[in-house]
Each structure stands twice: as C-alpha cells, then as structure tokens.
Amino acid sequence: MEAQTMAVRIDANQIADRAYSLIVDLYPICRSITGEGVRETLRMLGKHIALEVHEVPTGTHVFDWVIPREWNIRDAYIKNSKGEKIVDFKNSNLHVVNYSAPLQAKLTLQELREHLFSDPTHPEWIPYRTSYYEETWGFCMAHRQLAELPEDEYEVFIDSSLTEGQLSYGEYFVPGELADEVLISCHICHPSLCNDNLSGIALATFLSKHLSQIPLRYSYRFLFVPGAIGPITWLAQNQGCAGRIKHGLVLANLGDPGTSTYKKSRRGDAMIDRAVQAVLKHAGSKYEILDFSPYGYDERQYCSPGFNLPVGLLTRTPHGRFPQYHTSADNLDLVQPPYLADSFAKLLGVIDILEHSRKYLNTNPHCEPFLGKRNLYRPMGGFQDVATQQLALLWVLNLSDGSHDLLDICERSGLPFTAIARAAEELAKTDLLVLKDS
Amino acid sequence: MEAQTMAVRIDANQIADRAYSLIVDLYPICRSITGEGVRETLRMLGKHIALEVHEVPTGTHVFDWVIPREWNIRDAYIKNSKGEKIVDFKNSNLHVVNYSAPLQAKLTLQELREHLFSDPTHPEWIPYRTSYYEETWGFCMAHRQLAELPEDEYEVFIDSSLTEGQLSYGEYFVPGELADEVLISCHICHPSLCNDNLSGIALATFLSKHLSQIPLRYSYRFLFVPGAIGPITWLAQNQGCAGRIKHGLVLANLGDPGTSTYKKSRRGDAMIDRAVQAVLKHAGSKYEILDFSPYGYDERQYCSPGFNLPVGLLTRTPHGRFPQYHTSADNLDLVQPPYLADSFAKLLGVIDILEHSRKYLNTNPHCEPFLGKRNLYRPMGGFQDVATQQLALLWVLNLSDGSHDLLDICERSGLPFTAIARAAEELAKTDLLVLKDS
Amino acid sequence: MEAQTMAVRIDANQIADRAYSLIVDLYPICRSITGEGVRETLRMLGKHIALEVHEVPTGTHVFDWVIPREWNIRDAYIKNSKGEKIVDFKNSNLHVVNYSAPLQAKLTLQELREHLFSDPTHPEWIPYRTSYYEETWGFCMAHRQLAELPEDEYEVFIDSSLTEGQLSYGEYFVPGELADEVLISCHICHPSLCNDNLSGIALATFLSKHLSQIPLRYSYRFLFVPGAIGPITWLAQNQGCAGRIKHGLVLANLGDPGTSTYKKSRRGDAMIDRAVQAVLKHAGSKYEILDFSPYGYDERQYCSPGFNLPVGLLTRTPHGRFPQYHTSADNLDLVQPPYLADSFAKLLGVIDILEHSRKYLNTNPHCEPFLGKRNLYRPMGGFQDVATQQLALLWVLNLSDGSHDLLDICERSGLPFTAIARAAEELAKTDLLVLKDS
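First to last, the protein sequences are chains A, B and C. Quick note, the first sequence lines up with residues -12 to 425 if you use our numbering. Quick note, the second sequence lines up with residues -12 to 425 if you use our numbering. Quick note, the third sequence lines up with residues -12 to 425 if you use our numbering.
Keep in mind that the hints are not guaranteed to be accurate.
Stated by the list, open to error - Straight-line Cα separation of at most 30 Å, DSS-like style, residue types lysine-lysine; simulated pairs: (1) B:Lys196 to A:Lys233; (2) B:Lys34 to B:Lys233; (3) B:Lys77 to B:Lys196; (4) A:Lys346 to C:Lys233; (5) C:Lys360 to C:Lys268; (6) C:Lys360 to C:Lys273; (7) B:Lys233 to C:Lys416; (8) B:Lys72 to B:Lys196; (9) C:Lys346 to C:Lys233.
Keep in mind that the hints were calculated from the coordinates and are not lab data.
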C-alpha cells in the first residue's frame, strides 16, 4: 500500500507553490495551437520533467483533419492618427485574435470595427478570440475603450506569419509494472490565461514528476497538447496502442476558488468515474458530478465512439461558468495556491485508488475471524478514528470474496478509500487476507 | 426525415376544429356496445376515412366471453299520474340505463326508486350507467329532481329490444413499408359523452386520415371498438397476427383542459413508453406518467399476459379524476379545440419518433470530424436555437456507434427528439452518417 | 392459503402477554456465553417447546475460534471497611463484569477504581460489560455512586469459576413439507437485560410453538445461541447443511416502543429482504430499512462471505440507538406487551409471505376472463375494502404468467400481500388460476 505513504509523504501545499511559480513563468508567453509559444512552453516544462517533444509537419493528415500552417507573431498594434498605440500586443497577447494573418493597413473606424471584439458584460476585460481554421485577423479590447473610439484613421499592424511548419506537443511516459496506462492530458494552446489552462499544465507537470519518483503499478502517459488538433494528432499517430489506456483524465481549470467538478467519461461507470467520485465524496467539501456530453475539452476526442476511452474531465469551475473564462481576468489573481493544492491532493487520491484498488481474498471466509488474537483492534498509526478503522476491517473481510475490489468495498461501505486501503494493508500482514489478482 | 416536415405541414389547430365538428355531430347518438347507435357512428366516421365495418353475431365465443344480444332503443320515459313526462330519453340518452330491457309498467314511487340512479355530489348532473351483462332496467336523473319526486303512480316506458344481432366495430388499416404495425385503439360504446370518448374517436379518425396521405415506414391499424368486448373480439379474431403490433396506444379523454397523462404499457420500458415520455417531457407543459395497472381502458386487454402487447394509454385527465366523468357534464363545453389540438400535436410527435428513430453509423468514428469544412454549423431552417442544433450534431455523431437509435440519443442528451432527428437528417446528407438498419 | 387463516386465528396480544410473562421469569438469571445461566434459560424455554440442547466442550475448534472455558458465578460484592456491601451481585447481576475471574482481595480506592465501570451520561444506571476473551475482573455501578466513593480499604469478592466445561445452545426444528429451511436465530448470552434480548428469545419461543401447530411448507429452524461464538459453533457443526437455509432472520430488541427496523441481508435483494419490507410498508406505521453492514448481531456470521446466507435482522430500535441499551434500564419497564404484539404480528406477516408467495398460472391469459359469471366480485369475508380486493384479482390475473410470484405481484401492485394472497386463493377456487410450482 504505497498510496497512503505517498499521500503522507508529499506536501500538496509545497507542490502548489511550485506549480504557481511555474504558472507565473508561463503566463506571459503567447501560445497558440502551433508556433514558438508552444515550443517555449514545452522547453520550460522540460526543466522539470524529461519531456519528449514531437513535431508534426503542416499538411499531415490526422483522421478527418489536416495539421494547419504554423502561426507565429512578433508584434501587433493599432495606432491612431497621432501615432499613439491605442492597442498593443506587447501589453497583452490577448489583444490579437489568435491565428490572425499578417497585416499593415490604414483603416477608418468603421472598417476597423468589423475586426474588433469586446465583452460588453465585462467592459474592463479583454476577451480571448481565435480563428484557427478560417484566415482572418482581428483585435480584442476592453469594451469601455472600444465604445469610446473616435472617428479617425487608424494604422493597423500585425507582424505575424502563417507558414509551413510544425505542430508541437509534449509527451512524458512514466513506466510502471503494467503495460496498462493511465492517461493525463492537458491543453497548452491558450496564451496568457491562467486557470484555462496553465493550472492544468502546471499540476500535470508536478504530478508526473512525483509519479516518476515512486514505484507504480500502472504506467502513466502525460500529454501536453494543443486543444482538439493535439489529441486528434496523438490518437492518429498512436491508434494501435490507445487500447492500453485503462483510465484517463483531462485536466483544466484547477486553480480557481470554485468547487471541484467531474465530468464523467462517455462510459459513465468506468473505474475512473467511480474513483473520482469516491475521492470527491470524502474530500469534505461540496463538489459536482456532470454526465458526459460531447461538448467540452479534449475528452471529446478520447471519448469519440471509435475510441470510447474511459477518460473524464477534472476541473473546478467548468469552462464557461466563471465570468473570467476566456478573458484577461483569467489571470494570476484568479488562480491561487490553496486551490491548486486542493486539486493536487484530489488527483493523488484518484491515483491512490487506481493503484491500490485490488481484489483480495479473505482466507477465513466462514464466520468472522477471531481478530482479538491478531492484535488488529489496536489504533493504527495516523488514524485517530478507531471506530472507522475497525469497521473498515470488518468490511474488507466481509466483501473480500474474490468479486469485490477495494473501490467496490469503499463504495458499498460508505467509508473513505484511505480507511479501506489501510484496513486491507493491515489484514494482508496477517494470515487473513491475500491478494487475489497477480 | 418526414416527421418534421409532417409536423410542420399539418396544422393541428385546423385538425382540432374538424375534430370538434365531428364530435358535435356524433354527440346526440345513443351508442352502446352493440346496436344502431354504433353503426350510425361508424357510418359517420366512414365519411372521413375508408373504414371497414365488421359485424360479429350474437353468441359468438371470443375467448372467455360471448357476444351479447344486440340492444336497440327507440324511446323511454317516466310519466307522473298527470301524464307529464318527468324523465324523457329524447332529452338525454343518459336518462336510460344502457342495455335496459323493454318495459311498460305502472309503479309506486317506492317501486320506481330501486331503478333510479343519481349523483348526490353533483345534484344537477345526470349520471351514466350501464348493465350489459345482467338483464335489468333503470333510469338516471339529476339528484335534485330525484330527491323531490312526490308519492305518485308513475308510468314507466322503455321501448328497447334485446335480440339476436351483431356486435359492430370499425377497422382502418394504413399500410406502410413494413408489415410491423402501430395500433391505435379507441372505444365507441359511450352515448352522449364527449371527452370519454368522442374526443378519442375524433382524433383517431383525423390521425388515420392524415397518415393515409403520407409515406410511412410502419403500417398503422386503427380500431374503433366497443369497450372490453370490442378489443376482446378483435384479438380473438386476429390472434395470429397480434404479434405484428410493435407499438400501440389507446386514446381516451383527449379534449379536456387537464394535463396530458400517459399510462405505461405492462412492459413499462417499451419503445412506445419511451417515445410518449420523450414527447411529453419536451412539450413545454406539465404532464403525468402512470405505471401500468390492470384497471382502466382497453389496454387491459392488449396488455393481458397472453398478449402483453406494448400498448399504453394516452389521456389528458384520467378516467374518474375529472368530476364530469360519466355524467351529462362531459359535454360539448368540457371538450375544447385547443386541448384537442394539443393532444393531436403530441400524437404526431409520438409517431414522428416511431417513424424516425433509426440507428445510424458515424462513418468517421475516430475523433470528431472537421465540421467546419462541411458547412454544418450554419443555422438550419426553422431552428432558431443554433446552440441546441450544434449540440445535437455532436450528440448524434458521438452516439451513432451502431447501438443507439435516435430515441436513445434524445434520452441521453436531454435534447428534444426534433433537434436530434434534424441533426441526423443534416449529417446524413454529408459523408459522415449512414443509416444502419435497412 | 393458510397464512390469512393463521393470522386471523392467532391473537398476537395473547401471545405478547405470554411472551412478557416468560421475560419476567427469565429476567433474574445471570446469563453469559457459557454456564449455568444459559442452561437454566434453555430449561425454561423447554417448558414451552421441545428444545434440543447441545453441549460443546471447552477447547473445541470452531472455524477460527475455540470454545472458551465455562464461566459460572455464585456471588460477588464490594465491602467497605465497615463491612457494608456497597455493591452486591445479588441486587443486580450487571454489577459484575461478565466473565470476571474469581477474586478475593483488599484494595485501596485507587486500586479498585481501575476495575470499576460506570456511565456518566446516565448516572443512575448500571452499565453492562463483558470480557470473554481476555481474563480480567471488574464491577459495574451507577456513576452517581462511583463518583462519591470515599478513600477506604475495600474488600472485593468474586465467587466465580472459569473451568473446562461446555458451551450450551438450544435448537428447535419444526419440519415442513420442504427440506428447505427458514432460520430464526436469537442470542441468549445477556444477563438481566430485557429488550436485548429477552424480547427476541420470548418471541422466537412462541413463534416456534405456533408454527409447530400448523401445516407448513418450509421447515423452520430456531436457534437460541450465545452471541458470536454461538452461531459460529452451529455453522461449524452444520456447515454441510447450511445451504438448506433459504431465508432467515436474527431477532433482537423487539419489545421497545421504537419503530420497527430491518437490516437487510448481505445479498440485499433476497426474498427475506423483500418480504420484510413488504410487511413493514403495509403495517401502517413508520419503519426503517438499513443496508447490510458487517457490524451488528449474529447476522455478521450468517452473512460472512463463506456462507452469505439470506439472513436479515429484525429489531425495533437498533442496538446502540436507545439510551437504555446495555444498561440496567433495559428492564421490564422498557419492554411492553403492545410492542411485543406488534413485532409478533409482523413476524407472522413475514412468514405468511414466505409460505404463500407461490407462482400461479392464469389459465385464461388472452384478455381478461369474464369475472361476472364466476361470482368473484362479491365482497370477500373479512375484507371490507372491495375495491382493493377487486384490483387484487386483476393484478393476480395479469401477472400470473409463470414469471411472477405473489410477492412480485404485491410489490408491483402496491397492494398488501394479504389482499394479493386472498385474491389468489379465491381465483384458485375457480378454473382461472392454477399453482405453477409443485
């Protein structure tokens, strides 16, 4: 039973501080689905983990899709007729519609307006916009500023390029005893937005680092991929071995103050679905469980009918439900270390279940064993709640008939998985319980 | 996808007006389980649809039952000693207990009273009573009148006959592509009562007429039968082909202001049960779902254990739950065209599902297809709600794996069947979706 | 249909009065898991039923356990230095920790205190304590008294013995038509405590007596056993025939004013689980259903994974939830005849279902039969509620298709089992219904 040890040994708050520092470092970079921003991001992650970076050429066919041209941007601004930069990419990379084509032009306010985007409901915030698959250009700005733009001749400059190049993504494989894999996937295509999804990137990085340092039963595959086109590319290039993925999570929005939310896999009752629910149920705070729907993050691809992988989505406030979503207010203030720590601890709890929910056999199945002579009723280290722990012993003995694993016992008993796993650990030290599966 | 077109093409309000006119015409006829009233009713329905009328002789054995003698009535009254008709069949055919034997007699009030029936809770209304299988006679009257009857010698006259004859019922078969049938059944044995069941008769008539004018996948069988003995007779004479009935509805009480109510078939989870629930759920008003019970209308016979047909009951206020039930107040005021129109639209919605809930195959099941290049995100004709329609596209693609039909997708997505069917229709025009079943 | 007759014939109040008298007689005896107190108890039960008493020698191995030494006690007290008995076993056998080793000693207050037990939350009550498997000694007393004990030299005397001997238990087998058995088990190891479990002992005694006097389909096995070691011993000695037990109940706490509570068997959906719920649902008062857990009474042993017998627990207020539990306040005032009568009537109801829930076949499954000609609509003796009884007829006919027994029909119809069973009884007198199973 490594998990308990693991959960005790690692300090989620310390990890959260490191994750927050990484978010601070990654925040300024202008990422997109391709380009130098992604590469720079992957390089920075590579300082923490031995990330493998893949480059897939423009024009490559990946299922129904084609890898697009690579987009890079150096500068962009709008100047008024006095030569004042009224909108400047250097102040916020959200100002430019992601994937905007290069441009140098002088435009009237009316001409310009068709390419300006704002969010009237939050007049101070810059919204985030993209146009990956339809060539165009545009600027995003605070609605308050847009509304007051005077008639003028504006100089518009976008120093970007759309060229034959590569789509870049990162992959990190942590081998375990089994060839069976757990997939952790996060999207890396958003520019200066913190919760969506620097929070996911940072926690995935430190989770993978942690797992690489401990013995594991499952192998773990971490994907740092641009949204949609990223998992589609990986799945196209790894179609044959996708079946090895036995459990999976997409990570996003893990640093805001909202309650933890889990969106179930398409299967709905996969072990990952049950494991996350077991963790959230006993975490001591409110949470929300959503049924699968084919709209959302990259679980859309993993859960497409041809793959139907058991991959769910772990978030705090779901996309679109926090007002700062896809605006400049999704910044370093929205994401805070305590929420990152809470999310990280829940991830560890889920992995604890995946790693340790084995089937055991009660070797003394006829009536209860005489526990007194085995000294099992003593308080166990770290567990104040002796009654819970003794009940857990009885549950593990009663249900270890070869058809229930520890997660089954956790669910039926209503006790936390940690108590059930600890009871199994204690019982396995005696003659009363043996591991059933190999 | 005919259904949408169908639903759009037909004006439920116009149908409801015609149905109401038919009800007005049928209202005065004194129907019973046999006799001229039934024949006259069937003749009038025959003006709208090519109804086949069956006549089954008195004494014919139908399962455990025997076709009774034919009842006809020409006149009936009670006169007081002054020769005044205080109760007159010509004023309301409810005045005579249905199937009353012929009689001419002079009686004291005391003798007469044993044959008088009233409803003290509604002292102005004439109740409706029958005695099909036990020979007797009787009169029904307003309780207010009955309570004030003076001591007198009364002349009682019933000019009826109980003779060897026929049981008459109507049948209308609308052929479709398949030999598989949808059964629509309504009872025609009630005299001047509107909701129960001229409403059902009229809507069945115009529904069958409508279906006869459009291409259909299923074949539809409409039965206009006297209650209980009618379906028993039909089932006895068609036992061998009852298995062709794949879905069915009994129609009754479809014109009152109450909420729509569906009583499930004995199976409980038949497609008809799911289809009606899907329609009522999205109809925008309250509704009620009742579990099957062996008490009620003719679903009792279709759902008897030897047949166990998937036949439910669609009503508005169920029998016995509206105060006018089986009284003279179930009249042309209780039933109103807007409620008939609402019921008719729901019937069309159910048939839409039965006809169009096919299984499709997503031909691009690995990851989502690139919808942008197929112009599928444009607003579709008639659908203002683009977000719903786009979500429907994703759901149809995600679940069209060969094991879900469109009703399954409707249920799991929580979207209206119309949106799901429209999405399938649009996708089937591209290379992305093909019909699975033949 | 004997059950109805049975339920009518027997007067639960009369039984409850006899049961209460038996409780009064048994109350003074100092029982434990072995010893003369158990034998004396079994002798007294033997005056009512032909109980077979088994004696199992100390040292016998029963699964993981060993039969302990036999404990007997004649006297015990604590005297102060004036020679006054301040605690006296003769006043209450709860004063001595059950299984206390023999002792004669003079102790200071401080030395004595380590062996004194009280309940501060109920300062007037003597708590009940045991130490079967760890040799020690102790006294229990009212907290009020304990708190005021002065410094003194105390004389402590326990005239007990722990010797090679026997474990005694009682068994009573009531044969029925079938070799299949219903197990009724109650624990007999508690000294002067009434609800836990003289109530269970007394009701089991009179239930077994009643069953021995009527024809039965099932065979019934009653066990009067010391807790835990008792059923373990029986199961060890009868392992081969435990499979004959098709239904079972552990009885405890059946005389207090609390609501009836049923704890389901480990299987959760066994017929006994469904039967008890059906009885409690229609009993007209509040009740509680608990899921199985491996903590509780002797269902722990019967439901151990190696046996997994369909044995639930019937109580009123569950153990630990009434304040008098395991104290001197669980006395002849807590238990009252009306609650014993109510519990007994529910037990009869459960047995009624087990005995009479057969599968029947509707011989006329195509459409409803013509009930009128069979005179089945007449009010039936003892049933005022004609509408319920007529509905029950229709339900029995509709569901007697060979795959539903009467309990299934009771559950689906929502009608009481008594109404369903009576309807089946009436129908079976006609040509319409025949027993399916042999």
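Verification of the supplied hints:
The suggested pairing of lysine 196 of chain B with lysine 233 of chain A is violated, with an alpha-carbon distance near 55 Å, which exceeds 30 Å. For the hint linking lysine 34 of chain B to lysine 233 of chain B, the alpha-carbon distance of about 29 Å falls within 30 Å, and the restraint holds. Taking the CA atoms of lysine 77 of chain B and lysine 196 of chain B, the gap is near 33 Å; set against the 30 Å cutoff, the hint is violated. Among the hinted pairs, lysine 346 of chain A with lysine 233 of chain C is consistent with the structure: their alpha-carbon atoms are about 28 Å apart, no more than 30 Å.
Pair hint lysine 360 of chain C plus lysine 268 of chain C does not hold up; C-alpha atoms about 35 Å apart against a cutoff of 30 Å. Between the alpha carbons of lysine 360 of chain C and lysine 273 of chain C the distance comes to roughly 41 Å, so the proposed pair goes past 30 Å and is violated. Of the supplied pair hints, the one linking lysine 233 of chain B and lysine 416 of chain C is violated, its CA atoms being roughly 36 Å apart against a limit of 30 Å. Distance restraint check for lysine 72 of chain B and lysine 196 of chain B: the Cα-Cα separation of roughly 43 Å exceeds the 30 Å cut-off, and the hinted pair is therefore not satisfied.
About 17 Å separates the Cα atoms of lysine 346 of chain C and lysine 233 of chain C, which keeps this hinted pair within 30 Å; it holds.
Taken one by one, the earlier hints fail for this structure at numbers 1, 3, 5, 6, 7 and 8, listed in ascending order.
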